[in-house]
Amino acid sequence: MDYAEKENTIAKALEDLKANFYCELCDKQYYKHQEFDNHINSYDHAHKQHLLQHFVQFTHRINTYHINKCKKGSTQIPFEVLYYHSFERQRQRQRQRQRQRQRQRQRQRQRQRQRQRQRQRQRQRQQEVPTDMLLH
1 MDYAEKENTI AKALEDLKAN FYCELCDKQY YKHQEFDNHI NSYDHAHKQH LLQHFVQFTH
61 RINTYHINKC KKGSTQIPFE VLYYHSFERQ RQRQRQRQRQ RQRQRQRQRQ RQRQRQRQRQ
121 RQRQRQQEVP TDMLLH
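Residue 102 in full-length UniProt numbering is what sits at position 102 of the sequence shown, and the numbering runs on without skipping anything.
Hints in this document: simulated from the structure, not taken from any laboratory. Computed from a prediction, not measured in an experiment: that's the story for all the values here. Even glycine gets a Cβ: it sits at the ideal position worked out from N, Cα and C. Misleading hints may appear alongside valid ones.
Unchecked claim - Pairwise CB distance ranges (calculated):
no.	residue 1	residue 2	range
1	A46	R109	39 to 49 Å
2	A13	H39	34 to 44 Å
3	Q122	Q102	27 to 37 Å
4	N8	H33	38 to 48 Å
5	Q90	Q110	22 to 32 Å
6	Q49	Q102	31 to 41 Å
7	D44	Q116	39 to 49 Å
Using the sequences provided together with the hints, build the complete structure.
Laid out in C-alpha cells, this is it:
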C-alpha cells in the first residue's frame, strides 16, 4: 500500500466516523460521542423534532408553494416553512385576541345597558307620586 492509498482509506474511515456523529435534522456535526449524545437530549433538538412532526401532520394547511420547496426525503425543515408556520400561529393568536376583545366589548355594552335600565327605573320610581299622598 502506498501513501496515497493509506490517506484515502484514512479519509474514508474518518468520514464514516464523522457520519456517526452527524445530526441531519439540525445539520450539526459532532466529533465526540458525548457531544452528540448531549445534542440528541437537548431542548433545541427536541424542539426541532417536534416542529418536524407538526409539519408532517399539518402539511395540508401549508400551501403548495412551500411544500414544493421542501426537498423530498430531507428531514430538515426549510426556513420558509418554519417562517410560514410561525406566521400562521401569529395570525391565529391575533384572531383569538380580536375575538376576545369583541366579547369584552359586547359584555361592556351589555353592562352599560343594564346600568342605564336600572337608572331609568330608579328615576321613574322617584318621579312617581305615592298614592298615599294623593288621598290625604
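Okay, the hints, checked on the actual structure:
no.: 1; hint: A46 - R109: 39 to 49 Å; in the structure: holds (46 Å)
no.: 2; hint: A13 - H39: 34 to 44 Å; in the structure: violated (23 Å)
no.: 3; hint: Q122 - Q102: 27 to 37 Å; in the structure: holds (31 Å)
no.: 4; hint: N8 - H33: 38 to 48 Å; in the structure: violated (25 Å)
no.: 5; hint: Q90 - Q110: 22 to 32 Å; in the structure: holds (31 Å)
no.: 6; hint: Q49 - Q102: 31 to 41 Å; in the structure: holds (37 Å)
no.: 7; hint: D44 - Q116: 39 to 49 Å; in the structure: violated (57 Å)
In summary, the numbered hints that this structure violates are 2, 4 and 7.
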